[in-house]
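Asks: Spelled out from the first residue to the last, the chains are:
Number of protein chains: 2
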Amino acid sequence: MEIMPTSSAAYLKQQRPLFLQELIEFLRIPSISTLPEHRPDMQHAAEWTAESLKAAGLEKVHLIPTSGNPLVYGEWMHAPGSPTILSYGHYDVQPADPLAAWISPPFEPEVRDEKIYARGATDNKGQIFTHIKAAECLLRTQGQLPVNLRFLIEGEEEVGSTAIIQYLAEHAGELRSDAVLVSDSSMFAPGVPTMDIGVRGLIYMEIELEGSENDLHSGLFGGAAPNPFEALVRLLSKLKDEQGHILIPGIYDAVRPPDDDELASWRRLPFNENEWREQNVKALALTGEPEFSVLERIWTRPTLEIHGLPGGFTGPGAKTVIPARASAKLSMRLVPDQSPARIARQVETYMRALAPPQYKFTFRLLSTAEPVVFPPSDRFNRAGAAAIDKIFGRLPAFVRCGGSIPIVPLFASHLNAPVVMIGLGLPDDGLHGPNEKFSLMNFYRGIEVIIEFLRTAAARA
Amino acid sequence: MEIMPTSSAAYLKQQRPLFLQELIEFLRIPSISTLPEHRPDMQHAAEWTAESLKAAGLEKVHLIPTSGNPLVYGEWMHAPGSPTILSYGHYDVQPADPLAAWISPPFEPEVRDEKIYARGATDNKGQIFTHIKAAECLLRTQGQLPVNLRFLIEGEEEVGSTAIIQYLAEHAGELRSDAVLVSDSSMFAPGVPTMDIGVRGLIYMEIELEGSENDLHSGLFGGAAPNPFEALVRLLSKLKDEQGHILIPGIYDAVRPPDDDELASWRRLPFNENEWREQNVKALALTGEPEFSVLERIWTRPTLEIHGLPGGFTGPGAKTVIPARASAKLSMRLVPDQSPARIARQVETYMRALAPPQYKFTFRLLSTAEPVVFPPSDRFNRAGAAAIDKIFGRLPAFVRCGGSIPIVPLFASHLNAPVVMIGLGLPDDGLHGPNEKFSLMNFYRGIEVIIEFLRTAAARA
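Here the protein sequences come in this chain order: S and A. 503 is the number of the first residue of the first sequence in this note's numbering; add one for each residue after it. 503 is the number of the first residue of the second sequence in this note's numbering; add one for each residue after it.
It is possible that part of the hints are untrue.
One copy or two, it doesn't matter: identical chains are merged, so the pair holds either way.
Said to hold, decoys possible - No farther apart than 27 Å at their CA atoms in a straight line, the calculated lysine-lysine pairs in the DSS-like style are these:
| hint | residue 1 | residue 2 |
| --- | --- | --- |
| 1 | K556 | K862 |
| 2 | K515 | K617 |
| 3 | K784 | K862 |
| 4 | K862 | K821 |
| 5 | K556 | K515 |
| 6 | K617 | K892 |
| 7 | K784 | K821 |
| 8 | K784 | K556 |
| 9 | K515 | K892 |
Bear in mind the hints are in silico, worked out from the structure with no lab data behind them. These figures come from a predicted structure and were not determined experimentally.
Could you put together the complete structure from these sequences and hints?
Replies: Shown next as structure tokens:
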């Protein structure tokens with residue numbers, strides 16, 4: 503009979519091969535949420551996640567049915583006086599195409615060179631599994647956790663998180679927590695443990711200009727009929743100046759600059775703008791506001807992008823249509839303390855004023871996400887930093903995410919709690935691409951970091 | 503036994519019911535050149551056309567095989583000392599969708615209210631049939647024609663005239679003619695017999711700007727990565743001013759203004775800019791160079807139009823891509839004496855200079871057509887006018903066509919001959935749309951006009 507270790511660290515060390523076997527099992531489930539034919543796999547992955555929570559010792563484990571894929575819930579709430587942490591993650595994955603680019607098949611996980619290769623390895627099965635296994639290590643050796651812990655794991659992160667967003671709005675009271683823990687991001691660079699303290703917000707818009715009721719022939723009408731593309735490009739050319747400054751009046755009013763500590767810490771990051779341009783952007787030159795560093799531009803500045811200009815004729819060959827209507831798909835990334843609703847109104851007002859009166863102007867706001875930033879000095883961020891310092895031997899970089907993760911500001915606002923983002927992936931892990939991988943070292947160390955975080959979060963209460 | 507009339511007019515009067523029956527037969531053939539499944543119908547229509555030329559008394563009637571649909575040729579060359587006229591038309595038609603919008607099916611011709619409804623009724627089967635029947639009326643009653651006459655009828659007009667363009671270039675010597683006769687246009691208004699004396703030219707271009715090698719995520723790169731749409735709309739916004747003047751240096755240098763007679767005649771046309779805007783353009787306002795009348799703008803001025811802006815994301819919903827590449831499909835209509843090749847070089851030079859250096863700029867010239875204008879004082883245009891005056895009781899309006907009919911300038915240059923364009927359609931005949939029709943009065947009068955034209959063209963030799 504095997505002797506059960508009495509320390510979580512010894513237990514983890516003993517269980518490593520088993521944990522890896524279990525992760526491989528998890529990764530075998532092709533839970534691709536974007537593809538309807540994988541619906542049974544979504545249910546399977548949800549049930550598998552629930553079983554692993556039960557096996558870890560969590561209580562009240564159950565699936566929460568939704569209009570889409572089920573949520574998985576579990577909790578351990580026997581630490582009165584200690585804070586409550588909500589662990590969030592997702593069991594759904596991206597599609598795996600192009601399949602031919604994979605060295606080993608995406609749903610037949612393979613360990614090569616101390617990394618596990620599979621779709622979902624780092625996004626997010628491998629990372630959420632560190633949370634589950636951290637709880638298991640503590641519960642199996644200590645019989646208890648240092649904090650109260652809830653798990654809320656969704657199956658629609660790659661398709662917009664519809665179900666969890668609705669559930670969170672309706673059940674915030676039952677989910678009451680002091681902090682949310684998310685491991686769904688990456689280290690800034692190998693050897694640079696990283697915490698994300700903010701995400702940009704988003705407004706996604708569609709505008710349309712209509713010049714005539716029907717498409718017209720440019721031979722018969724060209725020279726006298728309105729061409730909405732002509733008005734559209736003129737309008738769009740007035741949204742930013744050539745240096746990348748957005749020209750909409752008041753658009754920067756609410757922008758809160760990062761504090762000096764943050765800026766100073768970014769200057770210490772291993773980041774070379776020229777290397778980033780060559781290797782990541784693969785462009786001849788970078789663009790954007792020259793008075794800000796690249797990291798400031800992508801993390802702390804609002805931006806405006808044109809994504810596509812639907813309308814008219816876009817096929818091969820020559821069709822000489824003057825289209826009745828031309829559209830633009832646009833978005834802005836927003837930063838604290840910009841309000842998506844207010845910014846959307848400013849954009850609409852500005853563009854409406856630019857639209858020539860002979861065109862019908864339509865503005866549609868398709869979606870929004872709040873920007874959010876959590877101070878590094880927050881107790882839970884400090885707990886995360888201390889845990890990382892202990893396990894990795896160095897304090898984390900506090901960075902921001904230029905993207906918009908709608909669930910993060912929603913957790914913050916519905917639960918009135920900070921979101922602690924400890925990223926265990928690496929920049930080259932191939933999220934959403936072929937040959938996605940997760941470093942086994944980061945997997946095991948991640949479990950240690952989460953154990954340490956739960957302890958430190960309790961100690962600082 | 504029926505008595506054969508000895509005048510072409512009496513013959514026409516006697517044969518009207520039969521000519522209509524034959525036209526109905528011609529219109530029953532669904533010779534849609536854009537749809538490959540109609541290939542057998544193309545052959546059938548070509549053979550039917552050849553048979554009708556033979557029946558009319560033309561000689562050397564045969565199909566000329568091409569890489570696409572056959573050409574139909576026939577001639578009568580026994581009028582030495584008289585000019586040679588080449589009659590051009592096409593036996594192919596546009597697709598008929600939307601089928602549901604047709605009152606009677608497109609290939610089951612129906613006469614309602616003295617009009618024949620069918621796809622191809624006016625474009626071009628009904629109109630070219632007036633030429634064939636004019637020859638028949640003369641040959642069956644006089645045993646001869648007043649001029650030498652060739653027919654060259656193609657089956658690819660609706661798909662770019664590829665075969666006839668190549669044939670014309672290679673066989674111009676065999677086709678030697680003094681004038682080309684085309685009835686493939688419309689009267690300016692009901693009761694206003696019309697001759698087109700010019701067509702605009704065309705250059706069709708595609709430009710592309712590339713900012714990076716791959717599509718990028720606007721969250722991770724937005725603010726620092728080049729967005730080719732941003733550069734594209736800025737570039738395109740500099741092609742014209744807000745009044746519609748093209749800003750490319752030298753672009754207007756070769757423009758030959760219409761002569762005073764032409765301008766004076768257009769002022770007499772039943773044309774009201776406001777009515778045209780409301781009923782034809784269906785727009786809140788017209789655009790374009792304010793110092794020119796609408797008819798000048800669409801007939802005698804070069805124009806530049808954006809047809810579509812391919813690239814990025816144009817589907818429903820929100821995708822936050824910064825595309826690697828963005829394109830524009832553009833064309834210019836040209837007027838005499840602009841050279842398509844020279845104008846294309848000017849456009850390319852101007853745009854290349856505007857493209858920011860951090861983007862790769864590509865320019866592709868997809869197609870060109872020469873502009874052309876024939877003086878109303880040309881003897882064959884005068885012959886057409888005299889014929890119209892005699893049959894319709896009023897002289898024709900000499901107008902221009904804002905569109906580009908590539909075969910017209912090619913006839914002019916390869917045969918060194920003017921193209922006489924006598925349009926027998928009406929503006930509301932529904933070319934390319936549902937319920938296409940051809941007025942029976944214009945069909946019968948058209949035959950008379952063509953007979954008279956052939957006589958007058960000979961008399962003036």
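Asks: Confirm or reject each hint.
Replies: Against the structure, the hints come out as follows:
In this assembly of identical chains, the alpha carbons of K556 and K862 never lie at most 27 Å apart, being 58 Å within a copy and 56 Å across copies at closest. For the identical chains of this complex, K515 and K617 are intra-copy neighbours only, at 17 Å inside a copy versus 92 Å across copies, given an alpha-carbon limit of 27 Å. For a Cα distance limit of 27 Å, the shortest separation of K784 from K862 across copies, 12 Å, qualifies, whereas the shortest one inside one copy, 39 Å, does not. For the homomeric pair K862 and K821, the shortest alpha-carbon distances inside one copy (24 Å) and between copies (25 Å) are both at most 27 Å.
Only within a single protomer do K556 and K515 lie at most 27 Å apart by alpha-carbon distance; the minimum there is 21 Å, versus 97 Å between protomers. Taking the shortest Cα distances, K617 and K892 sit within 27 Å of each other inside one copy (23 Å), while across copies they are farther apart (91 Å). For the homomeric pair K784 and K821, the shortest alpha-carbon distance between copies (21 Å) is at most 27 Å, but the shortest distance inside one copy (33 Å) is not. When the C-alpha separation of K784 and K556 is checked against a cutoff of 27 Å, the pair qualifies neither within a copy, at 46 Å, nor between copies, at 67 Å.
For the identical chains of this complex, K515 and K892 are intra-copy neighbours only, at 17 Å inside a copy versus 107 Å across copies, given an alpha-carbon limit of 27 Å.
The earlier numbered hints that this structure contradicts are 1 and 8.
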